[in-house]
Amino acid sequence: MSDKWNCLLILIFFFTLCASQETISSDKSTIPLKEVLRSIELNHQVTFYYIQEWVEDVTVDSLIMDKDFPQILDVLFQNTDLNYYRTDNKRIILTQNSVIYEALPDGFFEKREHIQTTLVPSEEVAIPQVFYREGISTNEPSIQKFVIGKASAGVPTKEAVISGIITNNETKEPIPDLAIRVRGKSIRAVTDDQGYYELRLPIGVYFLELRALGIENSVVEAIIYNTGTLNISLSEGLEQLEEVVVRADAKKNVEEAATGTTTVDSEASKNIPIVLGERDILKIAASLPGVTTAGEGAAGYNVRGGKTDQNLFLLDNALIYNPSHFFGIFQAINPFTTEGVDIYKGHIPASYGGRLSSVFDIRTKSGATDSLRGEASLGPVTGNIALELPIVKGKSSFIFGGRGTYSDWILRSLDDPTLSSSTANFFDVIGKYEHKINDKNTLSTEAYYSRDAFSITVDSLYTYSNRIFSLNWNHTYKNDKLRGDLILYNSDYQFNIDFDGETDTDFVLKYKVNESQLKYVMKYALNPSHALNFGISTKFYKVQPGSIEPGNSDSSVSPRTIPREKGLESAIFLSDAFSLSDKFLIDIGVRYSIFAVLGPSIQRSYEEGQPRNENTQTDTQEFANNEIIETYGSPEYRLSGRYLLIPSFSLKASFNTGYQYIHTLSNNTTVSPLDTYKLSDLNIKPQEGNQYALGLYKNLEGNAYEISLEGYYKRYDNALDFKTGADLLLNENIEREVLQGEGKAYGIEFLIRKNIGNLNGWLGYTYSRSFLKFDSEFSEERINNGDFFPANYDKPHDVSLVANYRITRRYSISTNFVYQTGRPVTYPLGTFQFNNASFVYYSDRNKFRIPDYYRLDLGINIEGNHKLYKPGHSFWTISVYNVLGRNNPYSVFFVTDDGEVKALQSSIFSIPIPSITYNFKF
Amino acid sequence: MKNTIFFILKSTLLLTILVVGTNCIDEIPLVSAGTEFDTLLVVEATLTDEFKAQEVRLSFSTSLETEGFIKVQNAEVQIVDSEQNIYVFVEISPGVYRSSSEFSAENGVSYQLQIVTSDGRAFQSEEVQITSTSELENVFAERILNDTGEDGVGIFVNSTASSGNPEYYRYTYEETYKIIAPFWTSLEFVVEINEFGGEEVIVQTRTQEERFCYNTVASNTIIQTRTTDAIGNTLNRFNVRFLSNNNPVISHRYSILVRQFVQSQEAFSYYEQLNEFASSESVFTNVQPGFIESNIRSTEKLDEKVIGYFEVASVREQCVFFNYKDFYPDEPLPPYFISCREYSPMPDALVDGIQFDIIEYTRDNENPMGPESQYIAVAKPCGDCTQLGSNIVPEFWVEE
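Protein chains in written order, with our numbering: chain L, 1 to 922; chain Y, 1001 to 1400.
Be aware that a few hints might be false.
Restricting the straight-line Cα-Cα distance to at most 35 Å, the calculated cross-link-like pairs of lysine-lysine (DSBU-like) are [unchecked claim]:
{"id": "1", "chain 1": "L", "residue 1": "773", "chain 2": "Y", "residue 2": "1305"}
{"id": "2", "chain 1": "L", "residue 1": "365", "chain 2": "L", "residue 2": "921"}
{"id": "3", "chain 1": "L", "residue 1": "847", "chain 2": "L", "residue 2": "744"}
{"id": "4", "chain 1": "Y", "residue 1": "1071", "chain 2": "L", "residue 2": "90"}
{"id": "5", "chain 1": "Y", "residue 1": "1052", "chain 2": "Y", "residue 2": "1071"}
{"id": "6", "chain 1": "L", "residue 1": "365", "chain 2": "L", "residue 2": "478"}
{"id": "7", "chain 1": "Y", "residue 1": "1305", "chain 2": "L", "residue 2": "685"}
{"id": "8", "chain 1": "L", "residue 1": "847", "chain 2": "Y", "residue 2": "1071"}
{"id": "9", "chain 1": "L", "residue 1": "678", "chain 2": "Y", "residue 2": "1305"}
If you are wondering where the hints come from, they were derived from the structure by calculation, not from laboratory data.
Because the structure is a prediction, the values reported are computed rather than measured.
Only chain Y is shown next, with the shape it has when bound in the complex (with noise of 0.2 Å):
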């Protein structure tokens, strides 16, 4: 009886901590709660400091079920400054609208975007102007433990705020990152039509760069930090981004550029609140989520709801390169991409494997077993990195 109890008691102490410490949390169905639904205007117009072709990206809101987004196309978008110039931007892809002029944002001028769409819906922004100039000290890279106690390697910010105020940064940043296929040979399979009309698998030399791959991705988080926390008016040591030293993207060279923009605090604030609202949270804290006011407005409809924010803030960048072997000189390399394991297909599986592209060559099957056929392959990523990359040396690209 008492060994029973015992046990009642353990069972239930474990199944407590289950329930109070983890379970709790479902991924449900993205569906929507009623059938109201309108379009609204998403703007991406964040105008730099830098001398370019500055670019402005409209699209329009879409329902929960649906997937994809419309590009808001045949829109006329401008720039008015205070001192009277319009910069006007033309469609280069959908959505995408590019400056027809390349000019950059100056100090203590402000800036005003202005949106017809091709339906006749006028927007625009709020006048907005540079807070302050970006000064970004450093970037580095550098091995720690992060605060879930991963091994990894962080990027990290150090920066001097050149006003004596606090200040707000948003960062982006850009990884390329250098693949090597690890069961690349010189060869390669190909199918041919053999004299009698069949299908006849044979090897031959590849015909490009299939070894050494380069892949570019840019950031999808928000990533934000501000001075006011901080000693004095600098950042020390913030860190941009986290990789584990699981992230295939660090076997080899990888390169980082990071991009930091100075917001004004209402900037800062929409994107806080983007980022808050969309974030994992704990259970017990609940974040009150809302519409963001943005800056941009309908001309006509005070009530017309708009997404996005026109920003204008000073840029700087700067970039880092760094070899797996820096930080990890006698450690095994980060797991592949996918997991490559050799087999011998069946002479059919072969073929089709080979046509739809999905196997790559690795050797000869020097003892076919049954069925199998002469040769050895492995999933096409495996030996050809041109499926996760581009064999194209991007021009920035340094090797040590």
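The following block holds chain L by itself, in its conformation from the complex (with noise of 0.2 Å):
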């Protein structure tokens, strides 16, 4: 059965259907292959490739020979384990199908079109005899030497034809992508995703020249004499490909139909400069078009401009609340661990939901199964080690990291009192079992921790964490084309405030949201032209909201605990990428989310079109434990496609639709670490939002240089903010606090990446505006008359370059600018007198801007040596961020000091900040 289908599938795919009306006959009931194929190369002046052996001892039905030629073909080889592929009408190429076509994986057929198979032009060529002199070989060391074809003592083969699989030595895996380059001819070929290549050439002595990202650079010497099968294997390279930043699938930018995405892969970005070295995947995201930040010290990114809540972010597919060290200057995720991130900021697939903006999908490395590999780093901040420990071999493997900052030993060895005692620590770790368990199934587990301490002031101590414990389990169906992830797991996320004093208000302020997720994700692969993709989920939060404790025995402070919120968020989808054509692809996608706000709760009522506050208080409900209190749900769109105008340039189109249910409590103007969740309930409605976008994407020079140029425009609804100087930490009435208003954002992207060559990096334009609006007709719920106003992360023009050079195999010099403009702030418009003291009042929102942001970084690796023979491989990375020391202001702010008004403006990182990492890798 899926021998036909492959079958089928091929001659789609070639498009090999011919028409010709002969008929072979044939009056034996078995015959032997080999006879058949004979006689049809006979009759039909073709010839076949093959490998004897392949066809020995293998019958065929005689009544095939009833059938016409080439219809025959389809059938001959059904009962077999080999495919053929004609080339032209007179060459059959043979292959073993069951190497080949064994599973139909994703993407297939795109994938299938990157075989390239230059062709000599054969008239051309002489014919020439294959001399071959032992000893005068190549100066390069340890050739290895393969002798194809069988040399005829007759009438020489003008070309050849020589197939087969590249494997990795150390996984016995295929490599796909790997490039064989045949020395001194213009004859090339690229493996496809089962390690499959094919080259045809004159017969006579080659070297062909194999390169693939991770493997090692290798050359083979292979003697030419007729067509055969020359499969490698080659052993993984000890260096990665620094200068590929951004993995670019080559041309994953112009075939995919989906707009905005963008991958960072960790390895690969490991030269970019970094404030104080750590290696940083969000950072760099950051610094491609449509991701920001409001400043140095923010924590959480705008995405396309939307705000940071609106960010859903994935830790092998489960959601970690805050991403962040030290106020966002840090990731909180492991660079030795991490292999990359993909980022949809444009089209989401269905199968993601809860967040309006984008996605952020981080996926954690698999650990070597064959022999413990590890990497080390010693930074001015902090300390990380990477450990990848086979379990059992070539089946299961633990990977672990470990990073942690030795700050506080330094703060404690100052001589400054004020810094001495003060704390600012943190440290995560990650751990990661994954076990194939059969071809069908895998299995991985994984836990993470993080954690964060730091005082503001010495009598206080703030701590936040997050910790996420998931199981994954991967299993592929009978029939190979459908294929289900289970994805199991928990996330919590908490603040504490240990507030010290002397006096006797010492207290323990507590915050925690939990969230449990079970998602059960299909794909099927229902023919070339559809793959689907659906599942189910459902996610339980419980909110604690908060609880104040005493301090000590002392303490004043009343203990108080605000009611825990629960909910259930379910959601089922469905989305199909739907080729029409080979130039147009659609994926549609619908999904149906519903939330259910769950009791036990005390719920308040208002009375209809007046402010929320005490004396609008209509009633209260009471619910009890798991009543639901209401639901929200809707169906979401997701659709995308593209349309490729020529093979390397295309025009797609998305326009997407979402809801949120949770919501960011804060009211800074920057995200902290402390900001609050919320979840939607009686008063307060969940987010909704949609986004249409539009983009032209082109690859230059064999993928060298992607293009891409993108506009989107975003409308959302029921984003929250809160009235002036509202209370959100410990407040049972929240309701009162907060406003739900719309945002508008618009904008366009442009960027041009250079992925290989010595010289690679980026240069991206973004100009974009974000806007919200507060409206109402209470001047208590009215944000600047209930006009539109720039968001605090409105920066409409964004520059950023990076680039990297590499000198010599050992040298390397990285840069980084940014350019953004600043950011909006408040301003005040003039002083008064009150209360014995000058004061300041303020302008409508956000009607002035900072100025602007500009920073230049360095960076300059130096490699260990490339010794053959060696424990490990090690290098430096020397940085300097900021290298014009500009004083990028971070806010400008007004106090109020000893009754006089003082401006005071604050940047994070004003002067150039040197750094030097040691990094180590076996």
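Dock chain one against chain two, each of which comes alone in its own frame, and use the hints as you go.
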């Protein structure tokens, strides 16, 4: 059955439908395949290329011989493990299909196009005789030598077809996307997903150069007498190709259906200079168009004008609430254990939901299953170690990463008493166990924990932590076209404020949010033009909005707990990547999400059309445990399409809608780790949004350059803000303090990226605007007269340049330049006297801007020597952040000190920050 | 090589901490960001339940660059209550309006403030009433280490709410402290014109009290608290003021009159926001500022902004006295207000110093060196306390 499918698929794919009326006749009941082939060769002047042993002992039904040529080919190999490929009317290449077409991976049909076979015009080639002289090989050491085909004594074949599988010597897995170049000829081939390649070349002696990412570059010598198979197994490279910063699956940029997707590879981004030498894929993501932060010390990302609470951060499919350490200066994800991050900022696949603006899908590496590996670094602020431990060889492994600061030790050794008694430290640990049960089942389980502790004043200690447990089970069903992923996780985020002062107001304040999700996603390759993706998910939220306890027995603080909130968010989704034609691919998705607010709870109702406050409260309703208080549910649409104008140039468009049932409460202008999350309830409606995007994508010079131009327009509603001076912590009546309003954002993003070569990197420019609007008939619920005003993160012009230049194999330099329009601030208009002191009064929200931001960073990477035999590989990274020493203002604020008004400007890194990091890998 | 790297590493670490930890905030000149500027009416009006002539202060806001404030003169100010009583206010000094009759805010009666400026702009407040009666249990002083570890004297308040509801409190204080000039002598310099028309410095007995003085200072910070987080409905040990043991005001005898206002939640919130926007903040947490809505509005132009709040509050006050010796029996006094150093001025400088009123006699210079004069002097406030306070003993002042 599956073979028949394969043949059909191959037919469709290669467009080998020919029309010939000839009939082959035979009267035996079974005949050897060899004979049939020979007979066809004779009668139809075609040549089959195959290896003898493939056809030894293979017989076929003699009735087959009644079929016409070439239709006979379709049935001929039906019950064999062979496939055929007609290159032209004269040549038919047989391949052993069990190797090549056993499984139909995702994107199989697109990938297959990547096999490039260059044909040498045969009539111009003189028929060579192969005379190979032993000994006069090359200077290259330890070159492997292969002899292919049999030297024929008679008239030599003009041209040979060399095919085979390239595998990884260590893992025994096929190597995809490996480039094979014939030295001295313009003949090339690239392996497909299964490591398969084909080369046609005149017989002779050749040197084949083999290159692939992560594989040691190698050269083999091939003595070709005739058509044959050349399977090669290669070693992994000690070095990754460092210049590939943002992984580009060659033509992904142009060919995939989704708009606004980006991938940042952790390993490949190690050269980019980042403050204090900490590798940070999220920071790198922010240097690509569409992702910004409010400033250097702002945790949280704004994606295409969305609010910071609208991003779904996933660590191996499990949600992580706060992926940052130390106010966003460092990422909370270990760079050594991280493979990379896929960012969806435009079209969000239907399987994701619950956040309006983006998905950051962070992937952890799979540990090596063959031998122990590790990586360690020592930087100015942190130490980091990652280990990959094989458990069952070839089947399972454990990967562990741990990172911590030694900043406390430094702080304590300082003379300044305020500094030495303050604290600022963080650590994160991750462990992942992956077990390949069999070819069809893979199970992985993971645990993650991160914790930050810092003190802003001597008597208070702030701590926050993320904790995740997750389980992933990947199963391939019998017919290989259906795959299922079961994801189960629990994610917990909490923060505490521990106040231990001299007066008796000591307290401990606690906040906690916890969610558990069960999700089952299935991928079904229905047929060549439909790839379905569907599933269900359900998520249970528990929020403990806060409790305060006396810090010690003398404290006069009375314990108080804000009642817990509970909610259940479920969704069902289906999407279909549907190719209408070669050029036209659409991805249609729909998701239906439903959110139930669960008791126990006390909900207040307010007079209609009145501002919510103590006086307009009409009623309180009490709900029992798990009683449904309110449900919100709506369909969400995820549509995206791509049209290939020419093979390397495409036009894409998308339309997406979404709902979000959890909100961040913050009365800071930027995100701080102490922001709390609030579930939608009777009074606080879910956020909803939509986005239109349109883009042009072009690859140049064989995918060496990628250019994209993408525009978007986005609206969202019910975004939370708060009344001026709102009290958000430990407040039972949050609905009285918050406002729900609209957001609007639009922009155009331009990116040119060079992924390969000694000079590589990218240049991005974004023009974008983001606005918010809070209107009401009551002045207390209105901001800026109910008009649209620029959001805190509205930075119209954004230019970023990242460039790496490899000088030699050991030295490379990299640079990073950023320019952004200054962010909006609320500035005072005048001063006044009140209560014996001077104060300022403020303009409308965000009417002014702080000065523009720009920064240049430089870095040098020095690799250890490339000796073949040494225990490991080391490199130094020396970088200077903010080389120009630009004092970029982070905020401007005004204080009344001893009755006088003072204007103050804060900046985070106002001077050049040098750092040096040592990395070791084995 | 290794040492060098270690050095770089170490320097970087220190640098990092310095940068991340401290030097992030710079003061910048206070200048307007734009040209837009309106002169807004600023109202300070707290009607209390004390029977007295009540007071309202009116001024205009000014641009950021302007020094000083413009008082609102010749305005018509009155308070109308829900029982149709009208209390007219008259201007007693520029911008200060006092009710022509004494009255007190009563429970259950609402009050409205009405203002018409001399250019005819009319404003009125919402109708406001007393939320609940203030009960001030105790004001006391105690030697403590404050939250930043400084040694000093804390002024604390204990209070019980009269209603069962959480209450909002605002405090003001007036502190009065005794000053003793450390270099006081019974003599002082005088410049006389001698018979030749020349200037001559002589020493004579003082003509007024200049050794013991008293100074009174009103609070200029917003001090607030609420009972919601405290046990029951009492306020226990609320710290109203902290005086470091380096603060010269507590050197001898000190008194503080603490006034406790019970605020409505709205009034509390107004002051709280004002305070929050004007307080120093951490680099990483910027409070979103904005215009704070007043309960006073223009009667004609709805969007005309007004600053200030008309508050009707129950107030209680209590005074506490203490001596430095009560808390620091055997410890040296805090440093004086200014540093005092005796020196012998040149004769010319001596005359100028006396005429400009900046030096004070301490003793004779027994061995003048070179051109030195025959007197030893100190900066004026070190020998004459009237530079820092008043020599009149306040009426309420009690010595132990």
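Quick rundown of the hints versus the structure:
1. 773(L) with 1305(Y): holds, 21 Å
2. 365(L) with 921(L): It holds: about 15 Å lies between the C-alpha atoms, which stays within 35 Å.
3. 847(L) with 744(L): Holds: residue 847(L) and residue 744(L) sit about 17 Å apart, inside 35 Å.
4. 1071(Y) with 90(L): The given pair, whose Cα atoms are some 103 Å apart, is violated under the 35 Å limit.
5. 1052(Y) with 1071(Y): holds, 23 Å
6. 365(L) with 478(L): Satisfied, since the Cα-Cα distance of roughly 27 Å is no more than 35 Å.
7. 1305(Y) with 685(L): Given pair residue 1305(Y), residue 685(L) holds - Cα atoms ~32 Å apart, limit 35 Å.
8. 847(L) with 1071(Y): holds, 29 Å
9. 678(L) with 1305(Y): holds, 33 Å
When each numbered hint is compared with the structure, a violation occurs for hint 4 only.
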